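Asks: Chain by chain, the residues run as shown.
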Amino acid sequence: MNAIYILWLRQLKRYFRAKSRIVGSIGQPLLFLVALGFGLGPVYAAAGGGNYIEFLAPGIIAMGILFTAIFSGIQIIWDRQFGFLKETLVAPVSRLQIMLGQTVGGATVALLQGIIVFGLTLIVGFRPENWAMVPVAFFFATFVALLFTALGVAIASMLDDMQGFQLIMNFIVMPLFFLSGALFPIKNLPEALLIIVRFNPLSYGVDGLRDALTGVTQFGMGIDILILGAITAVLLFVGSWLFSKVQV
Amino acid sequence: MDGQAIIRVQNLTKKFESVTAVNDISFTVDRGEIFAFLGPNGAGKSTTIKMLTTLLRPTGGTVSINGFDPARQQDEARRSFGIVFQDPSLDDELTAWENLEFHGVLYGVPKELRRKRIDELLGFVELTERKDHLIKTFSGGMKRRLEIARGLIHHPKILFLDEPTLGLDPQTRNHIWDYLKRLNKEENMTVFFTTHYMEEADRAAARIAVIDHGTIVASDTSANLKAQTHTTNLEDAFLALTGNVIRDEEASGTDRLRAHAAIWRGGRR
Numbered sequence: 001m002n003a004i005y006i007l008w009l010r011q012l013k014r015y016f017r018a019k020s021r022i023v024g025s026i027g028q029p030l031l032f033l034v035a036l037g038f039g040l041g042p043v044y045a046a047a048g049g050g051n052y053i054e055f056l057a058p059g060i061i062a063m064g065i066l067f068t069a070i071f072s073g074i075q076i077i078w079d080r081q082f083g084f085l086k087e088t089l090v091a092p093v094s095r096l097q098i099m100l101g102q103t104v105g106g107a108t109v110a111l112l113q114g115i116i117v118f119g120l121t122l123i124v125g126f127r128p129e130n131w132a133m134v135p136v137a138f139f140f141a142t143f144v145a146l147l148f149t150a151l152g153v154a155i156a157s158m159l160d161d162m163q164g165f166q167l168i169m170n171f172i173v174m175p176l177f178f179l180s181g182a183l184f185p186i187k188n189l190p191e192a193l194l195i196i197v198r199f200n201p202l203s204y205g206v207d208g209l210r211d212a213l214t215g216v217t218q219f220g221m222g223i224d225i226l227i228l229g230a231i232t233a234v235l236l237f238v239g240s241w242l243f244s245k246v247q248v
Numbered sequence: 001m002d003g004q005a006i007i008r009v010q011n012l013t014k015k016f017e018s019v020t021a022v023n024d025i026s027f028t029v030d031r032g033e034i035f036a037f038l039g040p041n042g043a044g045k046s047t048t049i050k051m052l053t054t055l056l057r058p059t060g061g062t063v064s065i066n067g068f069d070p071a072r073q074q075d076e077a078r079r080s081f082g083i084v085f086q087d088p089s090l091d092d093e094l095t096a097w098e099n100l101e102f103h104g105v106l107y108g109v110p111k112e113l114r115r116k117r118i119d120e121l122l123g124f125v126e127l128t129e130r131k132d133h134l135i136k137t138f139s140g141g142m143k144r145r146l147e148i149a150r151g152l153i154h155h156p157k158i159l160f161l162d163e164p165t166l167g168l169d170p171q172t173r174n175h176i177w178d179y180l181k182r183l184n185k186e187e188n189m190t191v192f193f194t195t196h197y198m199e200e201a202d203r204a205a206a207r208i209a210v211i212d213h214g215t216i217v218a219s220d221t222s223a224n225l226k227a228q229t230h231t232t233n234l235e236d237a238f239l240a241l242t243g244n245v246i247r248d249e250e251a252s253g254t255d256r257l258r259a260h261a262a263i264w265r266g267g268r269r
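These protein sequence lines map, in sequence, to chains H and R.
If you're matching positions, the first sequence starts at 1 in the numbering used here and goes up one per residue.
If you're matching positions, the second sequence starts at 1 in the numbering used here and goes up one per residue.
Hints are computed from structural coordinates only; laboratory data are not their basis.
Note that the structure is a prediction, hence the values are computed from the model and not measured.
In this text, a Cβ means the ideal position worked out from N, Cα and C, and glycines have one as well.
Only true hints are included.
If we take Cβ atoms under 10 angstroms as the criterion, some of the chain R residues that face chain H in the derived model are: (1) 50; (2) 53; (3) 55; (4) 56; (5) 76; (6) 81; (7) 88; (8) 89; (9) 94; (10) 99.
Not everything, but these chain R residues come out facing chain H in the computed CB check (under 8 angstroms): (11) 75; (12) 78; (13) 79; (14) 85; (15) 87; (16) 90; (17) 92; (18) 93.
Bound conformation, chain H alone (with noise of 0.2 angstroms):
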């Protein structure tokens, strides 16, 4: 126990303490409230669809957070090149405790980011259509935080260097995103697209963040819970044992 708290209290100084990091990750989910938000608006709401920013502000949320769990997974490829990984793996730790406290550290921080870009989304004009169920949407960015840190230590665990970065931002991070109903509904869409979007775990963390915040919900929140539940579970195990193969 105690070695999962110091790795996660590990994870929580070092965010705190690259101020830079924080700046920097509001950047781009203000970016996309403004552009999007209020670029494409009128469009939507000429076609029926109502408040953009209504629409769009859980979604990105979710892609706040699915950024930072990914990047705080992945720091493990940094801490293996400056040899940090090797002094935790030598400690008489189990590798579970240490993917555990990497992976808890890792969706602390991205929760955090996701309270930081709903306060952004507070800024452009959102607002959650009751506040009591915020704490609805905090146990749904909680397992979207928990998912996808647990995906990006798996991911880790494969790779040898930072080569592989691009291809995961471009092959893996950036589809999740754009194919997940964070950015326009998905009812109506081409079957085939429809198909990606429902094999998409972060589709049901959309959802989920959407129907507590707005109360509009495409999938039902209890399939959510049930499918976010189950997938977490998952990647929890493979993560797990993929880093119980990791050699350095």
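The hints should help you fit chain R onto chain H, whose structure is shown.
Replies: Quick look at chain R alone, frame taken from chain H:
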């Protein structure tokens, strides 16, 4: 078998896909001994250390570290040794104190004892005044000293040092060896180290093993190695044992990444 061997290695072998990195080596290190493990690049030194310290599983043979098998009794073996790696292994974004605290918690050292030892060790390596500074502001020598302090927090029976003085000036080198010899004497701590500085091995080690192409080619006191090879200094003895051919080592992904990062950070280590 002698009861006072703290490290016992028998017929240890490690095969990677096509190469045999360590080929059937056997040796023992006595409790309280300072033992040097020498060899050219790629001879199998680091692979052996990794197997002794639970980071790699042997393909064959047995290892006993303070009575524990590092492949099966990992946690017991891990509590028995401290290690200073060849490459820096501190967290740059944490302070000196935080790095030590992190280690103490991972090794389950109780809080009060941990805090006391951290204070002592910081004084010991003369870094007390810098304890709240981030590691990224430290010089190579300071990092080395801190890593040695860190390796000692859980009071290990054995200290492994993989090229501990690489890239350090003679002042810092001497400083570090003074600490290590003192610890060896006062705490009866066994020291197992690798180095490319022959005079360092000559001065510090009671016994020296030389490994080449994955096998141990000689293992004796420095005086006997010199006598055996009819040479007058250890460097010549080493060359007589291992030949003059320059070895190439393949760079791993991690090495490439490090080189890349070094460029980004202006070559500062």
